[in-house]
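As they're listed, the protein sequences go chains H and V. Going by numbering that gives the first Met the number 0, the first sequence opens with residue 0, and the numbers climb by one from there. Going by numbering that gives the first Met the number 0, the second sequence opens with residue 0, and the numbers climb by one from there.
Honestly, the hints are just simulated from the structure, not real lab data. For every residue, glycine included, the Cβ atom is placed at its ideal position computed from N, Cα and C. It is possible that part of the hints are untrue.
Cut-off 25 Å, straight-line C-alpha distance, at most; resulting in silico cross-link-like pairs (BS3-like, lysine-lysine) [claimed, not checked]: (1) V:Lys-76 x V:Lys-36; (2) H:Lys-100 x H:Lys-28; (3) V:Lys-76 x V:Lys-38; (4) H:Lys-65 x V:Lys-81; (5) V:Lys-81 x V:Lys-38; (6) V:Lys-76 x H:Lys-65.
Negatives, chain V to chain H, calculated, CB over 10 Å [claimed, not checked]: (7) Phe-4; (8) Gly-6; (9) Arg-10; (10) Glu-33; (11) Leu-95.
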Amino acid sequence: MIKLKSVLFAASIVASGTAFAGGDAEAGKAASATCAACHGADGNSTIPTNPKLAGQYESYLVEALKSYRSGARQNAIMSGFAAALSDQQIADLAAYFSAQKGTLQTVVER
Amino acid sequence: MNLLFSGIERRLITLLAVGLLLCAAPFVQAGDAEAGKAKAYTCLGCHGVLHYVNTYPTYHVPRLGGQHKEYLIAALKAYRGKTRAHGTMQANADLLTDQDIEDIAEYFASQGAE
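Kindly produce the complete structure, drawing on both the sequences and the hints.
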């Protein structure tokens with residue numbers, strides 16, 4: 000019985016870990032209205048001072064939002080928005096914007 | 000009393016001089032993508048490798064090709080001014096002049112996918 004509990008406990012951690020790690024692009028889209036005003040509805044910002052998010056790496060977008068939230072990256076506007084976001088919301092937003100098509104690409108040395 | 004130019008002429012000359020200075024200003028500031036390409040050599044060590052990751056914490060190094068020039072300038076200046084945390088980026092940005100930053104930003108902005 001103890002063994003079964005341990006297995007269930009371990010399984011629940013794995014399951015929650017998986018759900019947490021992977022952002023939900025649909026949920027991200029629903030939460031992206033605030034971002035859209037400055038970064039464009041699909042993350043293709045037309046305002047030169049605001050970065051394009053469409054097609055950016057998902058893990059980088061997560062890192063950027065967490066950095067704004069922690070203050071490691073200082074920006075009056077973004078800090079305010081990021082402060083209100085949970086880890087799950089950050090993961091969802093990153094999943095949505097990274098999945099959009101845009102002009103961003105890796106410049107490979109030639 | 001200036002015998003060479005009348006009052007109105009002097010005012011026109013001043014206006015012309017200010018106008019010429021205003022025209023020249025953007026050219027002094029503008030980035031040069033060709034110069035930026037040479038200066039971006041170091042950047043490509045990480046940003047020029049597909050799916051390259053930063054470690055501790057682990058996340059992908061961002062794609063820069065096609066990003067807005069103005070944003071890239073702001074990001075590099077934030078690293079240089081230590082308002083954006085990242086040891087390696089701060090160390091690299093420390094070495095850059097404003098002109099270097101303009102050139103590098105111009106280069107990456109010009110390398111977007113169509």
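Comparing the hints with the structure gives:
1. V:Lys-76 x V:Lys-36: 18 Å, holds
2. H:Lys-100 x H:Lys-28: 14 Å, holds
3. V:Lys-76 x V:Lys-38: 16 Å, holds
4. H:Lys-65 x V:Lys-81: Between H:Lys-65 and V:Lys-81 the Cα gap is close to 17 Å, so the pair holds against 25 Å.
5. V:Lys-81 x V:Lys-38: Distance ~21 Å between V:Lys-81 and V:Lys-38 Cα, so the pair holds.
6. V:Lys-76 x H:Lys-65: 20 Å, holds
7. Phe-4: 42 Å, holds
8. Gly-6: It holds; V:Gly-6 is separated from chain H by about 43 Å at its closest Cβ, greater than 10 Å.
9. Arg-10: With a cut-off of 10 Å, V:Arg-10 remains clear of chain H, as the shortest Cβ separation is near 36 Å.
10. Glu-33: 14 Å, holds
11. Leu-95: 17 Å, holds
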